[in-house]
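Visitor: Chains as they are written, first to last, in my numbering: chain A, 4 to 221; chain B, 110 to 254.
Hints in this document: simulated from the structure, not taken from any laboratory. The model shown is predicted, which means the values in this text are computed figures rather than measured ones. Yeah, the Cβ is synthetic: ideal placement off N, Cα and C, and Gly gets one too. Do not take every clue at face value.
Using C-beta positions, here's what the derived DEER-type ranges look like [said to hold, decoys possible]:
no., chain 1, residue 1, chain 2, residue 2, range
1, A, Lys122, B, Pro165, 41 to 51 Å
2, B, His159, A, Lys194, 43 to 53 Å
3, B, Glu138, A, Thr151, 22 to 32 Å
4, A, Phe28, B, Asn148, 18 to 28 Å
5, B, Met180, A, Pro185, 41 to 51 Å
6, A, His134, B, Glu200, 26 to 36 Å
7, A, Pro185, B, Pro174, 42 to 52 Å
8, A, Asn219, B, Pro202, 52 to 62 Å
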Amino acid sequence: MIKRPLSYRLKLFLIAVAALIGGYFAGHYFARPDLKNLSAVMMPKPIPVQPFELTDFNGKRFDAGRLKGHWSFVFFGYTHCPDVCPTTLSELARVFNRLADDPALQQNTEFVFVSVDPKRDTPEQLKTFVHYFNPGFLAATGDDEQLTRFAKQLFVVYQRDDANGGDDYDVAHSANISLIDPDGNFVAAFKGVHDPKRIAADFKQIVKYWNWSHDNFF
Amino acid sequence: MTTSSSRLLALGLLTLCSLAARADILSIENPWIREAPPNARVLAAYLVIHNNSDAPVAITDVTSPAFGSAMMHATVEENGLSRMVHLGRVEIPPHGEVRFAPGGRHIMLFDPEKRFRAGDKVPLVLHMDNGICNFFDATVRKTQP
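Using the sequences and the hints, build the whole thing.
Guide: Written out as structure tokens, the structure is:
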């Protein structure tokens, strides 16, 4: 059988088909990832966290600079809280476990518990409390001025009912979990009843989106 | 029922409530206490309470010999603030149920007598407005059943 060279038209056609297929995959590869079915509330644009100064359980300064270079989940509460705080910390520990399939991301994600009860939550108390949930979790606190300075940026409010001076009081506080990106920007909040599976899934989507934005605009 | 009858009697005397018909009126589903950090002074118990009777029933108090004190609470969200409110009375309609679950109603338990770990059974007593009590054990667990 004699091999015939492909006709000019057929060559052109094949090139066009290849270009279409290639374009389709390239488009997918470079396209902005979708943020689908998020339970998280995304900030309309990233909000840079302004200076504040707390102290972590090791006595080290915990400030806006400490939020840079990695992702942070930040949750406000207190250790005498029986329901919302242990529930949320246990959920965050499960979010951490769910990141095991992306070890680099898991390593690059910090979980911070901010106590709004500095009177009872000593550094030792905080360390024992959060390390029970995960030995890598961090906790910090400070005076009301500094706590408020940080909290209000994340739309978190709290109210301590300790006016009568005793040691038995409750602290009402927002139960949002805030997500801060590696540039130190507040990017998303998780509200209401938290589901570790959804938080982890949302977080992975947000990270993918964030990485895409960085690759394409910076 | 793992609690022995002598323990029930002691609890009954201690809490001054009638043991009559205790098993018939209420049934308790999945009572559990979240295992807490070793230094936690306050824990929470969760459960579902069914009223098997034809009349409404109200829970007016909760006690536990394993804790310094106990009370019914609800976490409520108002204007972005989650706060706890004390529930002095929880009504359960005839053949209805009331759910105590994380982020909502819970039994707040103060000053544990010891560190409780997953698998431990902790005795709790629900007091009804008709003077009858319901005794049961809650299981300590790391996660919601």
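Visitor: Could you run down the list of hints and mark each one as holding or not?
Guide: Now the hints, each set against the structure:
1. A/Lys122 to B/Pro165: 41 to 51 Å: Given a distance of about 42 Å, which is inside 41 to 51 Å, the answer is holds.
2. B/His159 to A/Lys194: 43 to 53 Å: violated (31 Å)
3. B/Glu138 to A/Thr151: 22 to 32 Å: Because 42 Å falls outside the window, the suggested range is violated.
4. A/Phe28 to B/Asn148: 18 to 28 Å: violated (55 Å)
5. B/Met180 to A/Pro185: 41 to 51 Å: Since the Cβ atoms of B/Met180 and A/Pro185 sit about 44 Å apart, the hinted range of 41 to 51 Å holds.
6. A/His134 to B/Glu200: 26 to 36 Å: violated (41 Å)
7. A/Pro185 to B/Pro174: 42 to 52 Å: holds (51 Å)
8. A/Asn219 to B/Pro202: 52 to 62 Å: Because 58 Å falls inside the window, the suggested range holds.
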